[in-house]
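Heads up, the sequence shown is in the working numbering, so the first residue is 50 and it goes up one at a time.
No lab work stands behind these hints, which were simulated from the structure alone.
Possibly wrong hints are sitting among the right ones.
[Said to hold, decoys possible] Just the calculated beta-carbon pair ranges, DEER-fashion:
no., residue 1, residue 2, range
1, MET191, THR117, 20 to 26 Å
2, ARG182, HIS130, 39 to 45 Å
3, GLU105, MET169, 35 to 41 Å
4, ALA189, ARG90, 29 to 35 Å
5, THR138, ILE102, 16 to 22 Å
Built from N, CA and C at the ideal position, the CB exists for glycine as well.
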Amino acid sequence: MMPIKPCNQHAHVEDAELSSASGSFGELLFLARRSRQLSLRQLAEKANVVASIVSEYENARRPAPSETVVIRLANALNLPHDEANRLATLANQERTAIGLRVARTTPSHVAELLRDIAGMAQRLSPAQVRSIRQTLHLEAAMK
50 MMPIKPCNQH
60 AHVEDAELSS
70 ASGSFGELLF
80 LARRSRQLSL
90 RQLAEKANVV
100 ASIVSEYENA
110 RRPAPSETVV
120 IRLANALNLP
130 HDEANRLATL
140 ANQERTAIGL
150 RVARTTPSHV
160 AELLRDIAGM
170 AQRLSPAQVR
180 SIRQTLHLEA
190 AMK
């Protein structure tokens, strides 16, 4: 495992939205980049990643990257250790949950839902799965 560099405390921007983000790897990456006022291109350059790929991570159009890339992104963002670990944990959870491929034409909110469900697959009881199915069927029937 590559070490995550400690952040420069002066460069850290306190952002309530960032610390309360509970969503996906992409959401946290976007909020961290925005709170540091970096463009996609600037972050990509600092992390040695293609800017369009960073955008795809942020918009849940690409599975979370490898641990090495996550560390490069965290270091480029100068994230505090706890935020860097949170980013790495979300990426790892998403990587291990992905057994499905989501089409590029799938709306991002639906793609994120599918990934969330895939990530919970091992923890869902049969009753919870039935409840989710019933909810989805009821919603579809109402349209």
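Here is how each hint holds up against the structure:
no., hint, result
1, MET191 / THR117: 20 to 26 Å, "violated, 46 Å"
2, ARG182 / HIS130: 39 to 45 Å, "holds, 40 Å"
3, GLU105 / MET169: 35 to 41 Å, "violated, 23 Å"
4, ALA189 / ARG90: 29 to 35 Å, "violated, 41 Å"
5, THR138 / ILE102: 16 to 22 Å, "holds, 21 Å"
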